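Produce the complete structure using the sequences and hints provided.
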Amino acid sequence: MTSAQQGDRRAMDTLLRSHQDRIYAVCRRITGNDADALDATQEALIAIVRGLPRFDRRARFSTWAYRVATNACLDELRRRTRRPLVGLPEHEPEPRGGAPRVDDQVAARVDLDAALADLTPEFRAAVVLRDLCALDYAEIAEVLGIPAGTVRSRISRGRSALADQLTGNPTTPHERPRT
Amino acid sequence: MTDPDEPLTDEQLSADLDDEADPGVRERIASDPRAKARQEQLREAARLIAAPVDSPAPATIAALVSRALDELAGDDGAGEGDEPPLAPPIPLRRRRLPPPWTVAAAVVVLVVVGLSLVWSGRTSQRHAAQQTAASGSSAADAAKAPSPTTGGHAPSVAGGADPAVSGTPLSRTATAAAAAVDLGTFTDTTALRNALRSGFPSAPPPAARADAAAVSPTALTRCAQVVANTGLPIDALLHTGIARVAGQPLIVYEYQYRPAGPSTTAGKTVAARTLVVAVDPTACKPRLTFVRA
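Heads up: the protein sequence lines correspond to chains A and B, in order.
Read the first sequence against the numbering used here and you will find it ends at 179, with the numbers running on by one and no gaps.
Read the second sequence against the numbering used here and you will find it ends at 472, with the numbers running on by one and no gaps.
For the record, the hints were derived by calculation from the structure and aren't laboratory data.
Possibly wrong hints are sitting among the right ones.
Stated by the list, open to error - Listed below are several chain A residues computed to face chain B (Cβ distance under 10 Å; list not exhaustive):
#1 Asp13
#2 Gln20
#3 Glu43
#4 Glu122
#5 Ala148
#6 Arg159
#7 Ser160
#8 Asp164
Computed from a predicted model, the values in this text were never measured in an experiment.
Glycine included, every Cβ here is placed at the ideal spot set by N, Cα and C.
Structure (structure tokens):
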């Protein structure tokens with residue numbers, strides 16, 4: 001880390017490669033498609049390279065990197081409103097042993113993307129940082145710059161909306177516990 | 180604390196999943212079947228979000244990292260502070276006006292370069308005229324031939340993409356790729372190949388635009404980096420364009436192509452060639468590749 005902060009190219013390369021998969025995963029979930037996720041990942045990696053000399057280690061590097069990535073994703077989504085979507089995901093998923101069929105995987109992913117797309121990006125980011133990155137509420141509050149109570153509310157509302165859509169049986173507010 | 184008379188909310192159920200609920204909530208859930216069922220739905224939603232995300236191809240990862248590392252050389256250390264950058268800092272960087280003497284020097288240099296280009300252009304025109312008179316103008320004829328699959332439209336060609344003209348070194352393709360020409364729309368990759376057979380257009384077609392805005396500048400640079408990392412015998416990026424083929428955008432790159440082997444055949448110099456590669460802007464997968472002599 002110290003070498004990378006001092007501008008050592010090899011150390012920076014190692015650092016980026018060891019975190020790029022998580023950064024891409026965050027971007028993929030928040031942006032909802034491969035093209036925007038790659039663009040946001042690229043911007044996040046560039047921002048990390050530029051900002052690393054100023055990283056003061058008060059937080060974990062991964063938390064800081066998630067913060068940079070989340071902001072890159074939100075910026076990318078703002079830019080996306082000014083250009084049309086490229087289309088459905090292009091690259092083939094890597095086969096995994098014992099995993100469901102590719103068709104099923106893609107279908108589930110599209111369903112999840114569609115369900116996540118109905119959340120505002122800020123709600124999406126809170127849910128993704130909790131469930132994908134396993135950050136606690138205090139860390140998410142720091143990453144998003146919002147109070148912990150708001151984090152709790154956003155995660156709840158995000159999960160509720162997803163649960164209703166993914167079960168295909170949306171309930172009205174009075175039919176389920178209040179939010 | 181929670182009011183035992185009030186039904187449990189989704190927020191309480193969700194917070195309990197994360198061990199962030201108020202005291203007493205867990206016990207209430209345990210005794211409330213309806214709340215337990217709802218919490219299972221929330222847990223399933225959380226599990227789906229936590230599912231692994233498919234990684235991009237290794238070449239794409241290499242390109243992303245390589246492009247980011249390019250920033251190491253250009254870092255000026257500006258902007259001290261504790262906060263990480265909230266956004267890519269490119270738009271936030273302030274531009275400083277250069278001192279007046281550098282502006283004057285730059286003007287002088289530009290004038291000298293301009294005069295040199297004008298002079299060399301005149302010399303080249305005379306030379307080209309001599310060559311045309313001697314060998315005919317088959318390339319120009321080919322450029323004018325309409326493409327049957329694109330509705331008779333043939334884009335203007337920039338000097339037949341003379342491979343002798345040096346392009347941008349691969350190490351700097353990131354910036355060069357950002358200047359892309361709108362190549363228009365095509366029914367399939369064969370039509371695109373026919374349109375590019377004689378050269379790379381220098382101007383967008385008058386109609387049937389590809390809508391170049393559909394491809395982000397980041398995708399242009401990323402895919403250029405991916406192609407550059409494939410190990411193909413290419414020297415420099417000459418042109419970049421965006422075409423829409425069968426409704427989907429493709430990024431088209433043209434490189435100087437120098438395959439391994441002798442540069443002369445039977446004592447005759449072999450003309451340098453160009454490699455045209457069209458890739459999809461998401462995974463940067465090649466959809467069309469051909470070599471133009």
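Verification of the supplied hints:
no. : hint   : result
1   : Asp13  : 6 Å, holds
2   : Gln20  : 6 Å, holds
3   : Glu43  : 4 Å, holds
4   : Glu122 : 14 Å, violated
5   : Ala148 : 8 Å, holds
6   : Arg159 : 5 Å, holds
7   : Ser160 : 5 Å, holds
8   : Asp164 : 8 Å, holds
Hint violations for this structure: number 4 only, all remaining hints satisfied.
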